[in-house]
Amino acid sequence: MCWGVYGKVVEVVGENVKVDFGGVVKEVFSAVDELSPGDFVIVHAGIVISKLSEEDFLDSFKYVKEIAEKLVEEGEFSIEELREIDKLVKRLTSSEK
Amino acid sequence: MLNRSDLRIANNRFFRNNRELALKIVKIIETLSKNLNRKGVDRVKIMNFCGTHEWTTTHYGLRSILPENIELVAGPGCPVCITPSYYIEVAVKLSLEGIRVYTYGDAYKLPAVKSVKEVKNLAEARSIGGEVSIVYSLLDAVKDAKKDERESVFLAIGFETTYPIYASIILRNIVPRNFSFIVVGRLTPPAARYAVEKVGRVDGIIAPGHVSTVIGGEAWKMLSEDYGIPTVISGFEPIDVLISIAEILKQIYEGRSDVVIEYTRAVSWHGNVLAKKMIEEVFEVCDAAWRGIGFIPNSGYRLRREYLKLDGLHLYGFKELSEREWSYDLSIGCRCGEIILGKIKPVDCPLFLNKCTPNVPYGPCMVSSEGTCSIWARSRTGWRVK
Amino acid sequence: MGRITLAHGSGGREMNQLLEELIFRKIPSWMKFVEGGLGIDFPDDAAAIPIDKERYIVVTTDSYTVSPIFFPGGDIGRLAASGTINDVLMLGGVPIAALDSIVVEEGFEEEVLEKILESILTVFESVDVKLIGGDFKVMPKGQLDKIIISMVGLGIAEHLIIDKNLEVGDKIIVSGPIAEHGVAIYASREELMLEDSQLRSDVKPLTDLMIPIVKKYGRDIHAASDPTRGGLAMTLNNWALSSNTTIVIDEEKIPMREAVKNFCEMLGLDPFTLASEGVAVLGVADEVSEEILQQMHSAGYSEAEIIGEVRAKEDMGLVIVKTSIGGYRILEQPVGEIVPRIC
Numbered sequence: 001m002c003w004g005v006y007g008k009v010v011e012v013v014g015e016n017v018k019v020d021f022g023g024v025v026k027e028v029f030s031a032v033d034e035l036s037p038g039d040f041v042i043v044h045a046g047i048v049i050s051k052l053s054e055e056d057f058l059d060s061f062k063y064v065k066e067i068a069e070k071l072v073e074e075g076e077f078s079i080e081e082l083r084e085i086d087k088l089v090k091r092l093t094s095s096e097k
Numbered sequence: 001m002l003n004r005s006d007l008r009i010a011n012n013r014f015f016r017n018n019r020e021l022a023l024k025i026v027k028i029i030e031t032l033s034k035n036l037n038r039k040g041v042d043r044v045k046i047m048n049f050c051g052t053h054e055w056t057t058t059h060y061g062l063r064s065i066l067p068e069n070i071e072l073v074a075g076p077g078c079p080v081c082i083t084p085s086y087y088i089e090v091a092v093k094l095s096l097e098g099i100r101v102y103t104y105g106d107a108y109k110l111p112a113v114k115s116v117k118e119v120k121n122l123a124e125a126r127s128i129g130g131e132v133s134i135v136y137s138l139l140d141a142v143k144d145a146k147k148d149e150r151e152s153v154f155l156a157i158g159f160e161t162t163y164p165i166y167a168s169i170i171l172r173n174i175v176p177r178n179f180s181f182i183v184v185g186r187l188t189p190p191a192a193r194y195a196v197e198k199v200g201r202v203d204g205i206i207a208p209g210h211v212s213t214v215i216g217g218e219a220w221k222m223l224s225e226d227y228g229i230p231t232v233i234s235g236f237e238p239i240d241v242l243i244s245i246a247e248i249l250k251q252i253y254e255g256r257s258d259v260v261i262e263y264t265r266a267v268s269w270h271g272n273v274l275a276k277k278m279i280e281e282v283f284e285v286c287d288a289a290w291r292g293i294g295f296i297p298n299s300g301y302r303l304r305r306e307y308l309k310l311d312g313l314h315l316y317g318f319k320e321l322s323e324r325e326w327s328y329d330l331s332i333g334c335r336c337g338e339i340i341l342g343k344i345k346p347v348d349c350p351l352f353l354n355k356c357t358p359n360v361p362y363g364p365c366m367v368s369s370e371g372t373c374s375i376w377a378r379s380r381t382g383w384r385v386k
Numbered sequence: 001m002g003r004i005t006l007a008h009g010s011g012g013r014e015m016n017q018l019l020e021e022l023i024f025r026k027i028p029s030w031m032k033f034v035e036g037g038l039g040i041d042f043p044d045d046a047a048a049i050p051i052d053k054e055r056y057i058v059v060t061t062d063s064y065t066v067s068p069i070f071f072p073g074g075d076i077g078r079l080a081a082s083g084t085i086n087d088v089l090m091l092g093g094v095p096i097a098a099l100d101s102i103v104v105e106e107g108f109e110e111e112v113l114e115k116i117l118e119s120i121l122t123v124f125e126s127v128d129v130k131l132i133g134g135d136f137k138v139m140p141k142g143q144l145d146k147i148i149i150s151m152v153g154l155g156i157a158e159h160l161i162i163d164k165n166l167e168v169g170d171k172i173i174v175s176g177p178i179a180e181h182g183v184a185i186y187a188s189r190e191e192l193m194l195e196d197s198q199l200r201s202d203v204k205p206l207t208d209l210m211i212p213i214v215k216k217y218g219r220d221i222h223a224a225s226d227p228t229r230g231g232l233a234m235t236l237n238n239w240a241l242s243s244n245t246t247i248v249i250d251e252e253k254i255p256m257r258e259a260v261k262n263f264c265e266m267l268g269l270d271p272f273t274l275a276s277e278g279v280a281v282l283g284v285a286d287e288v289s290e291e292i293l294q295q296m297h298s299a300g301y302s303e304a305e306i307i308g309e310v311r312a313k314e315d316m317g318l319v320i321v322k323t324s325i326g327g328y329r330i331l332e333q334p335v336g337e338i339v340p341r342i343c
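Residue numbers (the working numbering), protein chains in the order written: chain A, 1 to 97; chain B, 1 to 386; chain C, 1 to 343.
Check before you lean on any hint, since a few could be wrong.
Unchecked claim - Interface residues of chain C toward chain B, partial, derived using beta-carbon atoms under 7 Å:
#: 1; residue: N165
#: 2; residue: T323
#: 3; residue: I325
#: 4; residue: G326
#: 5; residue: G327
#: 6; residue: Y328
#: 7; residue: R329
#: 8; residue: E332
As the list claims (entries may be wrong) - Here are the computed lysine-lysine pairs in the DSSO-like style, where the Cα-Cα straight-line distance is at most 30 Å:
#: 9; chain 1: C; residue 1: K141; chain 2: B; residue 2: K146
#: 10; chain 1: B; residue 1: K146; chain 2: A; residue 2: K70
#: 11; chain 1: A; residue 1: K62; chain 2: B; residue 2: K34
#: 12; chain 1: B; residue 1: K27; chain 2: A; residue 2: K65
#: 13; chain 1: B; residue 1: K147; chain 2: C; residue 2: K141
#: 14; chain 1: B; residue 1: K34; chain 2: A; residue 2: K90
#: 15; chain 1: B; residue 1: K276; chain 2: B; residue 2: K120
#: 16; chain 1: B; residue 1: K355; chain 2: B; residue 2: K93
#: 17; chain 1: C; residue 1: K253; chain 2: C; residue 2: K164
#: 18; chain 1: B; residue 1: K120; chain 2: B; residue 2: K146
#: 19; chain 1: A; residue 1: K65; chain 2: B; residue 2: K34
#: 20; chain 1: B; residue 1: K117; chain 2: A; residue 2: K8
#: 21; chain 1: C; residue 1: K313; chain 2: B; residue 2: K355
#: 22; chain 1: B; residue 1: K27; chain 2: C; residue 2: K130
#: 23; chain 1: C; residue 1: K253; chain 2: A; residue 2: K87
#: 24; chain 1: C; residue 1: K253; chain 2: B; residue 2: K355
#: 25; chain 1: C; residue 1: K141; chain 2: A; residue 2: K90
#: 26; chain 1: C; residue 1: K130; chain 2: C; residue 2: K115
#: 27; chain 1: B; residue 1: K45; chain 2: A; residue 2: K70
#: 28; chain 1: A; residue 1: K18; chain 2: B; residue 2: K147
#: 29; chain 1: A; residue 1: K87; chain 2: B; residue 2: K221
#: 30; chain 1: A; residue 1: K62; chain 2: B; residue 2: K221
#: 31; chain 1: B; residue 1: K24; chain 2: A; residue 2: K87
#: 32; chain 1: A; residue 1: K87; chain 2: B; residue 2: K355
#: 33; chain 1: B; residue 1: K114; chain 2: B; residue 2: K345
#: 34; chain 1: A; residue 1: K62; chain 2: B; residue 2: K39
#: 35; chain 1: C; residue 1: K215; chain 2: C; residue 2: K164
#: 36; chain 1: B; residue 1: K120; chain 2: B; residue 2: K355
Said to hold, decoys possible - A few chain B residues that face chain C, going by a derived Cβ cut-off under 8 Å, partial list only:
#: 37; residue: N17
#: 38; residue: N18
#: 39; residue: L23
#: 40; residue: Y60
Please keep in mind that the hints were generated in silico from the structure rather than gathered at the bench. From the three backbone atoms N, C-alpha and C, an ideal C-beta is built for every residue, glycine too.
Make the full structure from the sequences, and use the hints.
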């Protein structure tokens with residue numbers, strides 16, 4: 001029961017927020033304090049359950065890097081592979097500008 | 001840095017439409033799996049607890065690109081599938097007595113074990129004149145119920161993710177006077193505990209990301225502390241799940257069993273404190289039945305005493321289901337109980353795609369879009385596509 | 001025998017089963033086609049009767065109901081006229097004329113009917129098709145939901161495009177972004193259009209696209225279809241089954257607008273199962289596939305793409321999707337009513 005949809009807050013209307021789901025705007029409830037326009041949120045069943053964190057957005061990749069580094073240390077993985085992964089993540093982030 | 005103007009686009013670019021990175025992670029997973037092999041670990045069984053994770057796994061064909069010795073199984077992750085038959089029977093009865101029953105589309109065809117006036121689900125009830133309305137959200141139901149004076153109940157199925165909206169609407173005091181709830185809320189960690197105790201060896205767990213936005217990473221630490229199982233709280237994009245699998249394998253290799261949040265963009269260790277508080281104000285935790293499984297301690301929500309007037313069962317004179325009165329609630333031959341617990345796969349059930357199809361579902365797991373059997377029936381990716 | 005449910009009309013597996021059991025099986029084989037032509041022995045809403053050695057009359061039939069009857073991008077009249085023309089085109093025919101049969105509910109407003117008729121005529125005028133006959137009936141209030149339009153389309157073909165002729169190695173081309181019609185209908189039904197104008201039905205006749213291609217590449221086009229009910233999933237599964245092949249498509253190549261993707265995501269709908277009303281899917285010989293694609297682009301269908309290819313039936317006549325991360329999944333025929341998911 002976890003179908004959550006990402007959207008962008010466009011307006012705060014009292015206790016509710018208007019969220020833009022990429023073309024469709026709906027007013028939904030919120031279970032997150034202090035939302036403001038521009039925030040990205042996860043909406044489930046008509047209520048905001050979480051605000052997306054910009055700072056932690058790419059933290060998931062640190063696991064990939066850590067694991068790859070460890071494998072390189074142990075000689076299981078070539079340093080070139082690791083560099084490629086590094087490059088890939090970097091390229092993704094820089095193309096984001 | 002990140003594209004601040006649209007995190008949605010960033011999400012899709014990084015975590016969804018990213019063939020190159022997926023290939024790299026699969027390579028890492030292959031290496032880890034070979035290492036484990038050398039250590040004598042020949043099979044790794046990883047269980048998910050969310051229908052959406054199972055959906056991601058099949059929809060993106062993850063099983064087709066992972067090494068064969070990594071087995072991804074679905075645990076109890078579908079709130080529709082585990083809704084005891086009793087509540088469906090009550091809803092069918094009410095609808096036939098002229099009480100309007102609101103339901104999510106997922107539960108519309110959910111079959112009961114016992115028939116009521118020869119019908120076994122809400123869809124059939126409607127075809128013989130029962131009052132049934134499918135809605136997208138509770139808010140739509142409330143809006144609709146306000147249009148007239150008709151008495152209405154809402155079949156309030158869901159895990160922790162879905163309960164903030166119920167709590168919120170009750171706390172704001174905007175429930176119409178003609179409106180009540182059949183409360184079938186269930187909690188996931190107790191079911192996870194039950195599954196790992198009953199199923200036998202599970203080597204790693206992919207914990208539900210959106211449930212965890214509410215309950216937080218801390219709710220899963222018992223899996224590592226009490227059972228020594230590496231647990232990763234994962235997002236729902238294919239790259240998320242691949243990263244989570246790699247992390248689980250790494251932990252197994254290192255002999256660790258930590259709870260780790262992969263879904264860093266949405267989940268915190270303590271979860272959504274406000275949402276938890278809202279739920280707690282309205283609901284209390286109780287022992288509760290899971291379909292085909294039985295009672296699991298502290299695994300359900302019920303309305304607190306002060307909100308009892310919103311309880312449909314109470315209002316219309318139905319008893320709450322008790323452990324003593326609960327009886328096995330799957331139809332003869334149906335193996336959904338074992339499927340829900342991850343003991344068997346849909347293809348192991350002789351009824352799968354024979355007597356039990358998405359068109360004529362026999363068991364609950366074939367009904368909901370989150371049910372393991374339904375997901376497998378829609379893309380059969382349990383079979384490895386070459 | 002059971003009762004007919006809405007799922008039986010969704011164009012999915014249920015409908016095929018029902019038709020097979022209730023209708024096709026009961027028709028004696030001699031009754032299924034006119035000698036030398038195409039009949040119900042190859043189930044489709046289009047048929048052909050030979051005129052002489054080089055030509056066929058193509059006949060199609062379809063009934064149109066849609067709720068709401070006016071939707072962003074069109075209305076039931078435009079839908080019926082375009083659908084009829086497209087059905088003729090997909091069989092390789094040049095549309096010539098049509099007959100319509102309109103049934104309305106008692107109390108239906110004349111002004112609305114007039115608008116719908118105008119839509120029909122506008123479409124026919126734009127592609128030079130004659131409306132040569134029709135029928136009109138009224139049903140008592142409550143016995144019909146507003147209006148149903150049935151149409152018969154007539155055309156002439158020199159060569160019939162029959163989907164079972166798909167060959168190993170053929171390329172699959174989609175002429176434009178998919179699921180536009182299905183999404184527009186959903187959005188307007190659920191009052192989700194509020195602040196958005198991007199979700200519009202693609203309903204249109206495909207004459208300008210199909211006629212030149214059919215003329216130039218005739219026999220190299222092995223299959224053609226407009227993925228209406230049941231969407232791309234339905235079309236490709238039908239092809240794989242009737243041609244006894246396996247079709248492999250690349251998810252990344254399938255044209256889809258961002259707003260449509262987002263909408264489907266919001267409601268948990270699978271765009272592959274949603275209808276298009278202005279898109280053609282072609283199965284063409286490998287050698288001419290790039291040329292045809294270029295021709296589509298220069299005919300104004302700039303988002304046309306080669307989305308996959310036909311392979312030998314090693315995987316049981318399935319449609320297989322290469323996913324966005326390089327995995328594979330089976331694309332099944334759509335089943336059941338399409339219900340948005342909450343879970």
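Hint by hint, here is what the structure shows:
1. Annotation: N165(C) was flagged as interfacial toward chain B, and the flag is violated, the nearest CB pair being 26 Å apart, outside 7 Å.
2. The closest approach between the C-beta of T323(C) and any C-beta of chain B is roughly 4 Å, which is under the 7 Å cut-off, so the hint is satisfied.
3. Checking I325(C) against chain B by beta carbon gives a least distance of about 4 Å; that is within 7 Å, so the hint holds.
4. Taking 7 Å as the C-beta contact cut-off toward chain B, the hint placing G326(C) at the interface holds, the least distance being around 5 Å.
5. Nearest Cβ of chain B to the Cβ of G327(C): about 3 Å, under the 7 Å cut. The hint holds.
6. Using the Cβ-Cβ criterion of 7 Å, the hint placing Y328(C) at the interface with chain B is satisfied: the shortest such distance is roughly 4 Å.
7. Interface restraint check: R329(C) against chain B, minimum CB-CB distance 4 Å, threshold 7 Å, status holds.
8. A distance limit of 7 Å between C-beta atoms decides the matter here; for E332(C) the minimum to chain B is near 5 Å, and the interface restraint holds.
9. For the suggested pair K141(C) and K146(B), the alpha carbons sit about 27 Å apart, so the restraint of at most 30 Å is met.
10. Between K146(B) and K70(A) the CA atoms are separated by roughly 60 Å; this puts the pair beyond 30 Å, and the hint is violated.
11. Proposed proximity of K62(A) and K34(B) is supported: the alpha carbons are some 22 Å apart, at most 30 Å.
12. For the given pair, K27(B) sits about 13 Å from K65(A) by alpha-carbon distance, which is consistent with the 30 Å threshold.
13. Proposed proximity of K147(B) and K141(C) is supported: the alpha carbons are some 24 Å apart, at most 30 Å.
14. Note on K34(B) and K90(A): the hinted pairing holds, with a Cα-Cα distance of about 28 Å set against a maximum of 30 Å.
15. Taking the CA atoms of K276(B) and K120(B), the gap is near 35 Å; set against the 30 Å cutoff, the hint is violated.
16. Proposed proximity of K355(B) and K93(B) is supported: the alpha carbons are some 26 Å apart, at most 30 Å.
17. Distance restraint check for K253(C) and K164(C): the Cα-Cα separation of roughly 24 Å lies within the 30 Å cut-off, and the hinted pair is therefore satisfied.
18. The suggested pairing of K120(B) with K146(B) holds, with an alpha-carbon distance near 29 Å, which does not exceed 30 Å.
19. Note on K65(A) and K34(B): the hinted pairing holds, with a Cα-Cα distance of about 19 Å set against a maximum of 30 Å.
20. Only pairs whose Cα atoms come within 30 Å are accepted, and K117(B) paired with K8(A) is rejected, the gap being roughly 47 Å.
21. Using a Cα cut-off of 30 Å, the hinted pair K313(C) and K355(B) holds, with the two alpha carbons roughly 27 Å apart.
22. Proposed proximity of K27(B) and K130(C) is contradicted: the alpha carbons are some 62 Å apart, above 30 Å.
23. Of the pairs offered as hints, the one joining K253(C) and K87(A) holds, with about 25 Å between alpha carbons and a cut-off of 30 Å not exceeded.
24. Distance hint between K253(C) and K355(B) is unfulfilled; the C-alpha atoms sit about 37 Å from each other, more than 30 Å.
25. The hinted pair formed by K141(C) and K90(A) fails the criterion: a straight-line CA distance of about 65 Å is larger than 30 Å.
26. Proximity of K130(C) to K115(C) is assessed by CA-CA distance (about 18 Å); at most 30 Å being required, the pair is judged to hold.
27. Taking the CA atoms of K45(B) and K70(A), the gap is about 23 Å. The hint holds against a cut of 30 Å.
28. Restraint check for K18(A) and K147(B): the C-alpha separation of about 24 Å stays at or below 30 Å, so the hint holds.
29. Simply put, K87(A) and K221(B) have alpha-carbon atoms about 34 Å apart, too far for the 30 Å limit, and the pair is violated.
30. About 21 Å separates the Cα atoms of K62(A) and K221(B), which keeps this hinted pair within 30 Å; it holds.
31. For the hint pairing K24(B) with K87(A), the CA-to-CA distance comes to about 12 Å; that is within 30 Å, so the pair holds.
32. With a CA separation close to 51 Å, the supplied pair K87(A) and K355(B) exceeds the 30 Å bound.
33. With a C-alpha separation of about 26 Å, the suggested pairing of K114(B) with K345(B) holds against the 30 Å cut-off.
34. Simply put, K62(A) and K39(B) have alpha-carbon atoms about 26 Å apart, close enough for the 30 Å limit, and the pair holds.
35. For the hint linking K215(C) to K164(C), the alpha-carbon distance of about 20 Å falls within 30 Å, and the restraint holds.
36. The hinted pair formed by K120(B) and K355(B) meets the criterion: a straight-line CA distance of about 16 Å does not exceed 30 Å.
37. Taking 8 Å as the C-beta contact cut-off toward chain C, the hint placing N17(B) at the interface holds, the least distance being around 4 Å.
38. Interface restraint check: N18(B) against chain C, minimum CB-CB distance 6 Å, threshold 8 Å, status holds.
39. A least Cβ separation of about 6 Å between L23(B) and chain C falls short of the 8 Å threshold, and the interface hint therefore holds.
40. The restraint placing Y60(B) at the interface with chain C holds, with a minimum CB-CB distance near 4 Å, inside the 8 Å limit.
Consistency with the previously given hints fails for numbers 1, 10, 15, 20, 22, 24, 25, 29, 32, ordered from lowest to highest.
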